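Given the coordinates of chain V, assemble chain Y onto it according to the supplied hints.
Respectively, the protein sequence lines represent chains V and Y. FYI, UniProt numbering numbers position 67 of the first sequence as 67, with every residue one higher than the one before it. FYI, UniProt numbering numbers position 170 of the second sequence as 170, with every residue one higher than the one before it.
No lab work stands behind these hints: they were computed from the structure. Small disclaimer: the values here were computed from a predicted structure and weren't measured. In this text, a Cβ means the ideal position worked out from N, Cα and C, and glycines have one as well. Please note that a few of the clues may not be correct.
[Claimed, not checked] One side only, chain Y facing chain V, incomplete, derived with CB under 7 Å:
id, residue
1, 140
2, 142
3, 146
4, 173
Protein chains: 2
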Amino acid sequence: MDTRERLIESTRELLWERGYVGTSPKAIQHRSGAGQGSMYHHFTGKPDLALAAMTRSAQEMRDSAEAAFTGPGTALQRVSAYLRRERDALKGCPVGRLTQDPDVMADPVLRKPVEETFAWLADRLAGLLAEAREDGELDAALDPAATAAALAAVVQGGYVLARAAGRPDAYAAAVEGALGLLTRPKGD
Amino acid sequence: MDTRERLIESTRELLWERGYVGTSPKAIQHRSGAGQGSMYHHFTGKPDLALAAMTRSAQEMRDSAEAAFTGPGTALQRVSAYLRRERDALKGCPVGRLTQDPDVMADPVLRKPVEETFAWLADRLAGLLAEAREDGELDAALDPAATAAALAAVVQGGYVLARAAGRPDAYAAAVEGALGLLTRPKGD
Chain V
1 MDTRERLIES TRELLWERGY VGTSPKAIQH RSGAGQGSMY HHFTGKPDLA
51 LAAMTRSAQE MRDSAEAAFT GPGTALQRVS AYLRRERDAL KGCPVGRLTQ
101 DPDVMADPVL RKPVEETFAW LADRLAGLLA EAREDGELDA ALDPAATAAA
151 LAAVVQGGYV LARAAGRPDA YAAAVEGALG LLTRPKGD
Chain Y
1 MDTRERLIES TRELLWERGY VGTSPKAIQH RSGAGQGSMY HHFTGKPDLA
51 LAAMTRSAQE MRDSAEAAFT GPGTALQRVS AYLRRERDAL KGCPVGRLTQ
101 DPDVMADPVL RKPVEETFAW LADRLAGLLA EAREDGELDA ALDPAATAAA
151 LAAVVQGGYV LARAAGRPDA YAAAVEGALG LLTRPKGD
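Pulled out of the complex, with its shape left as it was, chain V reads as follows (with noise of 0.2 Å):
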């Protein structure tokens, strides 16, 4: 791995595990092995650094998702296998705990990949609750965005719960309540 390289996957790893507010620059130098010359030569600074760190989880972030949403099975069990695909619950989401960083969300070049990983998966998650519906999978009084929106906040809500627990298994508690909630006989 050459240095840039490293100092971005460091930088990513010190965002997921103490926040931006939490990873100086210094941080960053000794996690990566680099020195203060080598990193700003490859980046002008902190934020910009961040960014690049920050827009690489975002796009794995959709990769990972993606691959679910377009796996195997009906809409509704593409949506069962994104929400219960395995996941390091303990750690959270790398992109989701950026959202309580005063800096990043004052910051809207910071903001950006956080707020469009978000806004796309709410829309994809719409989109396939929306073919579940049609296809008689999901009940029709449902609307798919307001449900969409239910199951983003379920997962990120489930790595909260997982962490104030200590416990990876109440991210699972949290999910299978809401597909308990989603797969239940229609009533119509």
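Coordinates of chain Y only, in the frame set by chain V:
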């Protein structure tokens, strides 16, 4: 407000805005107007003061939830009132945000109020959902504990989505989606 009180309230605000990692003793002294000597007269250090602040925030979160849980209406109406009650969605949850703080999660003493608050909330919601099920308000096929976990996750994840979007209505959309799933006609 006396100095001890000002220190606790200032720490609560800073923890809410910037988290534990992002809150320095100096920032607490600056916001509270208390000197260093005064701070260490009342508290042994940042962890001790943070614990007092977190314990109070956790108690307020319980009190405000309990007000909805014991309000008017059926069990399901009280759960809905809890989800819909007025919140500053863009500020996020003062207790939930602490789960993103590595130094809080790594310290069993600091993590305790966070863990206990969410355990209490899940238990309380599960009790109300069990009551709703007994009264025929809720589908008998739904598991109260898993459904409660899903609803608690929707609240926490709703904050994440609202902050990501920079719009409080993203919280409302997630809650309405969850209530749509919860209150649609029973399938039996």
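Verification of the supplied hints:
1. 140: Hint on residue 140 of chain Y: violated, closest Cβ of chain V at ~10 Å, above 7 Å.
2. 142: holds, 6 Å
3. 146: Given a least distance of 4 Å, the restraint on residue 146 of chain Y holds.
4. 173: holds, 4 Å
Taken one by one, the earlier hints fail for this structure only at number 1.
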